[in-house]
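*Asks:* One letter stands for each residue in the lines below.
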Amino acid sequence: MGDVLVRVPISEQDPKVRATNFEEVCLGYTEEEAVEEAGRCLNCKKPMCVGGCPVSINIPAFIEQVKERNFEKAYEIISESSALPAVCGRVCPQESQCEGKCIRGIKGEAVAIGKLERFVADWARENGIKPKNTSTPNGHKVAVIGSGPSGLTAAGDLAKLGYDVTVFEALHEMGGVLVYGIPEFRLPKDKVVKAEVENVKALGVKFEKNVIIGRSITIDELMEKEGYEAVFIGSGAGLPMFMHIPGEQANGVFSANEYLTRNNLMKAFKEGYDTPIARGKKVVVVGGGNVAMDAARTALRLGAEVHVVYRRSEAELPARAEEVHHAKEEGVIFDLLQNPVEILVNEEGSVRGCKVIKMELGEPDASGRRRPVEIPGSEYEIECDTVIMSLGTSPNPLISSTTSGLDTNKKGCLIATEQGATTKDAVFAGGDAVTGAATVILAMGAGKTAAAAIDEYFKSKN
Amino acid sequence: MYPIVKKEKLSDKIFLMVVKAPRVADGCLPGQFIIVKIDEEGERIPLTICDYDRAEGTITIVFQIVGASTERMALLNEGDAFADFVGPLGQPSELCLEEDLEETKKKSIVFIAGGVGTAPVYPQVKWLKEHGVKTTVIIGARSKDILFYEDEMREVADELYLATDDGSYGFHGNGCQQLQALVDAGKKYDHCVAIGPMIMMKFVCLLTKELGIPTVVSMNPIMVDGTGMCGACRLVVGDEVKFACVDGPEFDGHLVDFDQAMARAKQYKTEEGRALLKQQEGDTHHGGCGHCGGDK
Ligand SMILES: Cc1cc2nc3c(=O)[nH]c(=O)nc-3n(C[C@H](O)[C@H](O)[C@H](O)COP(=O)(O)OP(=O)(O)OC[C@H]3O[C@@H](n4cnc5c(N)ncnc54)[C@H](O)[C@@H]3O)c2cc1C
Ligand SMILES: Cc1cc2nc3c(=O)[nH]c(=O)nc-3n(C[C@H](O)[C@H](O)[C@H](O)COP(=O)(O)OP(=O)(O)OC[C@H]3O[C@@H](n4cnc5c(N)ncnc54)[C@H](O)[C@@H]3O)c2cc1C
Ligand code: SF4
Ligand code: SF4
Ligand code: FES
Numbered sequence: 000m001g002d003v004l005v006r007v008p009i010s011e012q013d014p015k016v017r018a019t020n021f022e023e024v025c026l027g028y029t030e031e032e033a034v035e036e037a038g039r040c041l042n043c044k045k046p047m048c049v050g051g052c053p054v055s056i057n058i059p060a061f062i063e064q065v066k067e068r069n070f071e072k073a074y075e076i077i078s079e080s081s082a083l084p085a086v087c088g089r090v091c092p093q094e095s096q097c098e099g100k101c102i103r104g105i106k107g108e109a110v111a112i113g114k115l116e117r118f119v120a121d122w123a124r125e126n127g128i129k130p131k132n133t134s135t136p137n138g139h140k141v142a143v144i145g146s147g148p149s150g151l152t153a154a155g156d157l158a159k160l161g162y163d164v165t166v167f168e169a170l171h172e173m174g175g176v177l178v179y180g181i182p183e184f185r186l187p188k189d190k191v192v193k194a195e196v197e198n199v200k201a202l203g204v205k206f207e208k209n210v211i212i213g214r215s216i217t218i219d220e221l222m223e224k225e226g227y228e229a230v231f232i233g234s235g236a237g238l239p240m241f242m243h244i245p246g247e248q249a250n251g252v253f254s255a256n257e258y259l260t261r262n263n264l265m266k267a268f269k270e271g272y273d274t275p276i277a278r279g280k281k282v283v284v285v286g287g288g289n290v291a292m293d294a295a296r297t298a299l300r301l302g303a304e305v306h307v308v309y310r311r312s313e314a315e316l317p318a319r320a321e322e323v324h325h326a327k328e329e330g331v332i333f334d335l336l337q338n339p340v341e342i343l344v345n346e347e348g349s350v351r352g353c354k355v356i357k358m359e360l361g362e363p364d365a366s367g368r369r370r371p372v373e374i375p376g377s378e379y380e381i382e383c384d385t386v387i388m389s390l391g392t393s394p395n396p397l398i399s400s401t402t403s404g405l406d407t408n409k410k411g412c413l414i415a416t417e418q419g420a421t422t423k424d425a426v427f428a429g430g431d432a433v434t435g436a437a438t439v440i441l442a443m444g445a446g447k448t449a450a451a452a453i454d455e456y457f458k459s460k461n
Numbered sequence: 000m001y002p003i004v005k006k007e008k009l010s011d012k013i014f015l016m017v018v019k020a021p022r023v024a025d026g027c028l029p030g031q032f033i034i035v036k037i038d039e040e041g042e043r044i045p046l047t048i049c050d051y052d053r054a055e056g057t058i059t060i061v062f063q064i065v066g067a068s069t070e071r072m073a074l075l076n077e078g079d080a081f082a083d084f085v086g087p088l089g090q091p092s093e094l095c096l097e098e099d100l101e102e103t104k105k106k107s108i109v110f111i112a113g114g115v116g117t118a119p120v121y122p123q124v125k126w127l128k129e130h131g132v133k134t135t136v137i138i139g140a141r142s143k144d145i146l147f148y149e150d151e152m153r154e155v156a157d158e159l160y161l162a163t164d165d166g167s168y169g170f171h172g173n174g175c176q177q178l179q180a181l182v183d184a185g186k187k188y189d190h191c192v193a194i195g196p197m198i199m200m201k202f203v204c205l206l207t208k209e210l211g212i213p214t215v216v217s218m219n220p221i222m223v224d225g226t227g228m229c230g231a232c233r234l235v236v237g238d239e240v241k242f243a244c245v246d247g248p249e250f251d252g253h254l255v256d257f258d259q260a261m262a263r264a265k266q267y268k269t270e271e272g273r274a275l276l277k278q279q280e281g282d283t284h285h286g287g288c289g290h291c292g293g294d295k
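First to last, the protein sequences are chains A and B.
With the first letter of the first sequence counted as 1, position 63 gets the number 62 in numbering that gives the first Met the number 0; the numbers rise by one all the way through.
With the first letter of the second sequence counted as 1, position 280 gets the number 279 in numbering that gives the first Met the number 0; the numbers rise by one all the way through.
Be aware that one or more of the hints could be misleading.
What the hints assert, rightly or not - Simulated DEER-style distance windows between Cβ atoms:
hint : chain 1 : residue 1 : chain 2 : residue 2 : range
1    : A       : Asn-137   : B       : Asp-52    : 48 to 58 Å
2    : B       : Asp-52    : A       : Lys-458   : 38 to 48 Å
3    : A       : Ala-365   : B       : Ser-107   : 52 to 62 Å
4    : A       : Lys-354   : B       : Val-240   : 12 to 22 Å
What the hints assert, rightly or not - Just some of the chain A residues that point at chain B, by a computed CB distance under 7 Å:
hint : residue
5    : Asp-163
6    : Thr-165
7    : Gly-213
8    : Gln-248
9    : Ser-254
10   : Tyr-272
11   : Thr-274
12   : Asn-345
13   : Gly-348
14   : Arg-351
15   : Gly-391
16   : Ser-400
I should point out that these hints are in silico values taken from the structure, not numbers from a laboratory.
As the structure is a computational prediction, the values presented were derived from the model and not from experiment.
For each residue, glycine too, the CB sits at the ideal point set by N, CA and C.
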């Protein structure tokens with residue numbers, strides 16, 4: 000037995016090796032390791048960790064079952080609150096959620112809740128355990144728009160309540176950001192994402208890909224012509240932002256979404272796939288969130304020297320701590336407290352560099368983080384052939400602009416109550432489409448809440 | 000899967016396919032496009048909707064072989080099926096909106112189609128004909144053997160002019176020169192729609208600006224998702240950055256920055272494995288004839 004203050008270490012691919020492949024970085028706990036790590040949980044009477052989890056997974060209860068090697072029981076406990084544990088265990092920002100509150104974290108290292116959750120979900124998948132649907136069909140048709148975490152969760156929960164659910168997805172694969180955004184090395188597509196989608200299918204949910212709501216068919220038509228009595232919108236926040244600086248239209252400037260979509264959804268990195276990707280030699284990634292880390296580590300794996308240019312300091316990096324740590328180990332260079340002011344373009348219209356200005360931190364702004372201020376005269380040039388803009392995204396106006404009575408706020412986010420009710424009768428929404436870009440678990444939580452609200456809505460109608 | 004119910008070779012490198020896609024056929028309008036993906040490994044290829052049959056649930060596409068994916072598409076036959084076929088995407092042509100019909104009827108409209116651009120022009124002209132609007136259509140092509148859709152177009156256009164660069168058929172010259180000739184002969188137009196290779200649209204716009212004819216063009220930048228999610232299709236129109244897939248594909252041609260758009264379209268030209276493309280280097284790869292004369 001090791002030191003109880005320290006986590007059971009988890010095996011990872013060696014940084015040098017993994018920097019050249021797209022296999023998963025973290026290999027996960029073995030049974031023995033999981034049981035040992037579970038042994039560090041104090042099974043607190045008032046578990047702080049649960050309060051840190053947006054969907055309130057009964058953490059001590061499932062960890063207790065891991066300790067006892069009742070992995071199936073542990074999976075059942077997690078499944079009561081979460082539809083995508085194999086995903087959340089991998090991508091939740093645990094350090095600021097469940098693990099950030101864990102009592103063990105005061106003196107030593109928090110219990111590795113995320114890693115244990117992942118272990119349980121992986122174990123269940125490998126042992127062919129699927130969530131069950133014991134409900135009887137109630138004949139009510141509900142449409143779910145978008146197959147990201149919010150849509151999948153809402154669809155699964157509604158199916159479990161007996162609804163006849165169809166998910167409509169614009170792209171040719173199900174999963175939303177989980178397939179087009181988050182890379183393979185963090186979240187394996189076939190092994191994890193497809194399996195989670197299959198679980199939702201196993202509950203009786205139907206999926207229709209290649210349907211763009213607002214173009215192929217509108218929400219009003221779904222309700223009037225196809226008999227859907229309620230709709231959940233989980234269409235995410237996919238519209239990328241740019242900086243609006245000179246040179247941004249040059250060849251070699253990409254949104255992180257384009258770069259990641261080419262690589263993840265279209266599998267540009269794999270032999271035999273037709274979609275190309277620019278394999279830069281020297282890449283500048285602008286931004287400091289999870290998306291920036293994913294773009295940087297993808298470019299690195301495609302063979303580039305990669306610089307992350309972020310306008311605040313390391314402490315303010317919004318990405319998950321684990322991703323920053325992994326990126327550094329792999330050789331991503333962080334140019335902090337700097338911001339691009341211009342993209343330099345050669346005669347052919349391609350990127351040849353990036354002019355950046357140095358920043359210092361001033362007074363805290365509305366977000367509570369210290370505001371970066373430019374240092375006059377500190378501009379200098381970074382030579383590069385590719386610039387990836389990772390500045391955030393906002394909801395796509397396609398649905399709001401084609402649906403009568405569906406209101407948005409200034410930022411283009413759908414207006415919805417805590418329960419997910421929009422300004423249009425029988426239409427609910429949740430996830431990034433309502434909050435703007437956030438996290439997988441918050442999107443899932445919103446899908447869950449909305450599913451319950453939709454059920455309430457039907458009950459109150461009858 | 001989306002079965003191919005008909006395939007026709009229109010010229011050496013241009014093919015027509017009718018594809019079963021009921022959801023697309025149900026809601027589409029002229030000016031919109033689809034994205035097709037051959038199979039798991041395929042690219043997402045944007046193509047304009049060239050005709051539709053709501054009763055049959057089919058969409059007609061016309062494409063020209065310019066690179067690996069269109070080459071691969073041309074190998075498919077009747078009875079085969081596409082893995083993915085999504086649409087309609089983009090905004091419908093503003094001429095083809097019921098609510099503005101009265102305004103449209105007052106206009107004297109000329110269409111200029113370059114090469115494979117004839118395909119997207121056709122549904123607009125057809126729609127206008129069905130709604131009692133008169134149109135003039137100019138089809139420009141490098142030579143007679145790559146000219147297609149002549150009979151179909153003749154049925155729906157009130158006046159049809161054919162122009163070939165080499166003089167092998169119709170007017171000897173390009174689309175621009177034909178338009179100039181018509182204007183010189185006293186014809187008056189107050190609205191122009193130009194669809195074809197970017198270089199051709201650029202030169203049409205230079206001319207119509209001089210002639211004072213408002214001009215709409217249909218842009219075909221490189222796309223990935225076609226839903227507004229990636230920004231690959233961004234263009235500068237006036238002072239604004241627009242996403243062609245959701246804001247377009249049609250824009251005010253006098254405001255489009257064509258030079259930038261053309262530079263962006265070359266983005267993947269140097270990518271590995273684009274052997275077929277290399278052969279064509281120097282030609283344009285916008286799915287058009289590339290020899291409309293604008294580049295000469
Ligand atoms: C690169 C990247 C890395 C990230 N890393 C993390 C992380 O490590 N941890 C974390 O918690 N969060 C992370 N996030 C954020 C997280 O992925 C999102 O907050 C979450 O996916 C939002 O879920 P959603 O269901 O609201 O929408 P999305 O996942 O965006 O799914 C929306 C779906 O709706 C579809 N859609 C949109 N419009 C239409 C329409 N009109 N018709 C039909 N379908 C439509 C889209 O194609 C998409 O599939 C990351 C995001 C990105 C982009
Ligand atoms: C809205 C829209 C409508 C279109 N409609 C039609 C149509 O009706 N018929 C038709 O034949 N073509 C059309 N195109 C163009 C067509 O999508 C491209 O010719 C096709 O994607 C090329 O694929 P490829 O793999 O064969 O060639 P690639 O090898 O991918 O491309 C050859 C070269 O052409 C350039 N290229 C790639 N994609 C495009 C593009 N979309 N536009 C311009 N250049 C590109 C690149 O520089 C590339 O290296 C349309 C494009 C758009 C965006
Ligand atoms: S879902 Fe996320 S926040 Fe909740 S316990 Fe799991 S890892 Fe922690
Ligand atoms: S707070 Fe930490 S120690 Fe306490 S129950 Fe939660 S995980 Fe276990
Ligand atoms: S093609 Fe991706 S935003 Fe237009």
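*Asks:* Take the hints in turn and mark each one as holding or not.
*Replies:* Here's how the hints hold up against the structure:
no., hint, result
1, A:Asn-137 - B:Asp-52: 48 to 58 Å, "violated (38 Å)"
2, B:Asp-52 - A:Lys-458: 38 to 48 Å, "holds (44 Å)"
3, A:Ala-365 - B:Ser-107: 52 to 62 Å, "holds (55 Å)"
4, A:Lys-354 - B:Val-240: 12 to 22 Å, "holds (20 Å)"
5, Asp-163, "violated (19 Å)"
6, Thr-165, "violated (13 Å)"
7, Gly-213, "violated (9 Å)"
8, Gln-248, "holds (5 Å)"
9, Ser-254, "holds (4 Å)"
10, Tyr-272, "holds (5 Å)"
11, Thr-274, "holds (5 Å)"
12, Asn-345, "violated (11 Å)"
13, Gly-348, "holds (4 Å)"
14, Arg-351, "violated (14 Å)"
15, Gly-391, "violated (13 Å)"
16, Ser-400, "violated (10 Å)"
Of the numbered hints listed earlier, those contradicted by the structure are 1, 5, 6, 7, 12, 14, 15, 16.
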